[in-house]
Amino acid sequence: MILLKVEKGPLQGQEFRAPEEGKTIIGRSSICDVALVDFKLSRIHCQLEYAEGEMILEDLGSRNGTYLNGKKITGREKASVGDRITVGDTEILIAMPSEAEGGAGEAGSRPRGGQTTFLRDRATCARCKAIIPRRELEQNLAREIDGEMVCSRCLDPLLEVEISGYQLERKLGEGAMGAVYKGVRLSDGHPVALKFLSKSMTSKPEAVKRFLREAASGGALDHPNIVRIFESGVDVDRGLYFLAMEYVEGTNARALITEKEYLNPHQCLSIGFQIGKALEAAFQSGVVHRDIKPANILVSSEGRAKLVDLGTAKSMQQAGLSSLTRTGIGMGTIAYMPPEQIEDAKHADHRSDQYALGASLFHMLTGQRPFGGKTPGEYFRAIRFEKVSWPETPAIPEEAREIVETMLEKSPGDRYQSPAEMIAAMAETLKQL
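Residue numbers for the sequence shown follow the numbering used here, so the first one is 1 and each next one is one higher.
Treat the hints as calculated values from the structure; they're not laboratory data.
Just so you know, even glycine gets a beta-carbon here, dropped at the ideal spot from N, CA and C.
Some clues are possibly wrong.
[Stated by the list, open to error] Computed cross-link-like contacts, SDA-like style, restricted to lysine to any residue with a CA-CA straight-line distance of at most 20 Å:
(1) Lys40 / Asn64
(2) Lys23 / Leu93
(3) Lys40 / Ser30
(4) Lys182 / Val234
(5) Lys199 / Val234
(6) Lys182 / Glu249
[Said to hold, decoys possible] Here are the in silico distance ranges between beta carbons for each label pair:
(7) Lys260 / Pro191: 25 to 31 Å
(8) Glu343 / Pro394: 30 to 36 Å
(9) Ser389 / Gln139: 41 to 47 Å
(10) Gly173 / Leu212: 17 to 23 Å
(11) Leu141 / Gly13: 25 to 31 Å
(12) Arg84 / Ser418: 51 to 57 Å
(13) Pro205 / Leu158: 21 to 27 Å
(14) Pro224 / Arg381: 38 to 44 Å
(15) Leu172 / Gly147: 24 to 30 Å
(16) Arg384 / Pro224: 34 to 40 Å
(17) Leu212 / Gln139: 35 to 41 Å
Using the sequences plus the hints, can you model the full thing?
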């Protein structure tokens, strides 16, 4: 056993016993082996791996970094007994339990200050293969079915019924606005992704408008690099708004960054080139996406990139007429948003989408978002005024840097003036990589 002693931070005095073989995940989420009440931590922050007498500490793409003996780690670093791990406001000492401590604690017990806690063996859902959070196990939210553990998400009652001609198979993800499921169209057995607006949002007119606008914007765009929307509707029996969309077997760019830390330049520019094609089709139809980010870029198992989530899109022909684009409302995700869109979403045009794609490519190339700050004010000032700074590693070809830097220019007039111009630059660089 390895003893992880919290010596500073909100859980000071707490001790966790980790196995000498395998991985121990540290973070803020209940899914972690060591779940810490520290809001400076990422949900999944870092992991300590013990194998064949050697310990390896690895940051898992955390927001504020992981430090070993006061030094920020950039990859996988060797650790040993006596070392100190700092994450957020928490400092953890790696120690070995004494013989007198050897029998203390009880597996699965709830942590209390000053108590030693054995880490519960992590269970995996038999259906979605995700790790089941300890909270679900302790509160019996997960159930054993036919001898296998099934997480609460896979016990969703929607999976047991037919909804407007579709049969849902499993949940793909969930956010504040709703959830997405994989399903089949019963009329022909065609696989689909079904997006449902959360019931808590149906009472909010703007949320419903945004959801319906995704159906209108997506339905108007037919392009191989844009996820198709087949239909939208309301399941009257359950009061559920839904979109039936093209199902893409694969992942998204954000998950790829989490898995690999960063992507190679050729893969990044290939994704950028394909999404650029999607933006060209949107531009020709007078549509601006306004929320391009790695999580909205799907990548199929064959490497095809597709743009998804047109809920914040707007028609340039109707710009300024929608109540969803009011003065002072930025719309979109701040980390990838251009200066003009932060100030007022009405200023967003196709060059704003280009900036967001450039910020996404920077994140894919480096594993870091292009700008940061300790406070929201510092963050916004960096986006408005600072020039992007490239890390020393990984090595990125100058041609790729120049493309991204052009896309991230502060003034829209200094960026590529059309998607076609941006695509041409990417195509030329791809030939050289």
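Verification of the supplied hints:
1. Lys40 / Asn64: Status holds; Cα separation ~7 Å.
2. Lys23 / Leu93: holds, 17 Å
3. Lys40 / Ser30: The given pair, whose Cα atoms are some 15 Å apart, holds under the 20 Å limit.
4. Lys182 / Val234: holds, 18 Å
5. Lys199 / Val234: Within the cut-off at roughly 12 Å; holds.
6. Lys182 / Glu249: holds, 10 Å
7. Lys260 / Pro191: 25 to 31 Å: This hint holds: roughly 27 Å between Cβ atoms.
8. Glu343 / Pro394: 30 to 36 Å: About 33 Å separates the Cβ atoms of Glu343 and Pro394, which means 30 to 36 Å holds.
9. Ser389 / Gln139: 41 to 47 Å: Holds: the Cβ-Cβ distance is about 45 Å, inside 41 to 47 Å.
10. Gly173 / Leu212: 17 to 23 Å: holds, 21 Å
11. Leu141 / Gly13: 25 to 31 Å: Since Leu141 and Gly13 have Cβ atoms about 29 Å apart, the given range 25 to 31 Å holds.
12. Arg84 / Ser418: 51 to 57 Å: For Arg84 and Ser418 the Cβ distance comes to about 53 Å; the hint holds.
13. Pro205 / Leu158: 21 to 27 Å: holds, 24 Å
14. Pro224 / Arg381: 38 to 44 Å: Given a distance of about 39 Å, which is inside 38 to 44 Å, the answer is holds.
15. Leu172 / Gly147: 24 to 30 Å: Given range 24 to 30 Å: holds, Cβ gap about 26 Å.
16. Arg384 / Pro224: 34 to 40 Å: Distance hint for Arg384, Pro224 holds at roughly 36 Å.
17. Leu212 / Gln139: 35 to 41 Å: holds, 36 Å
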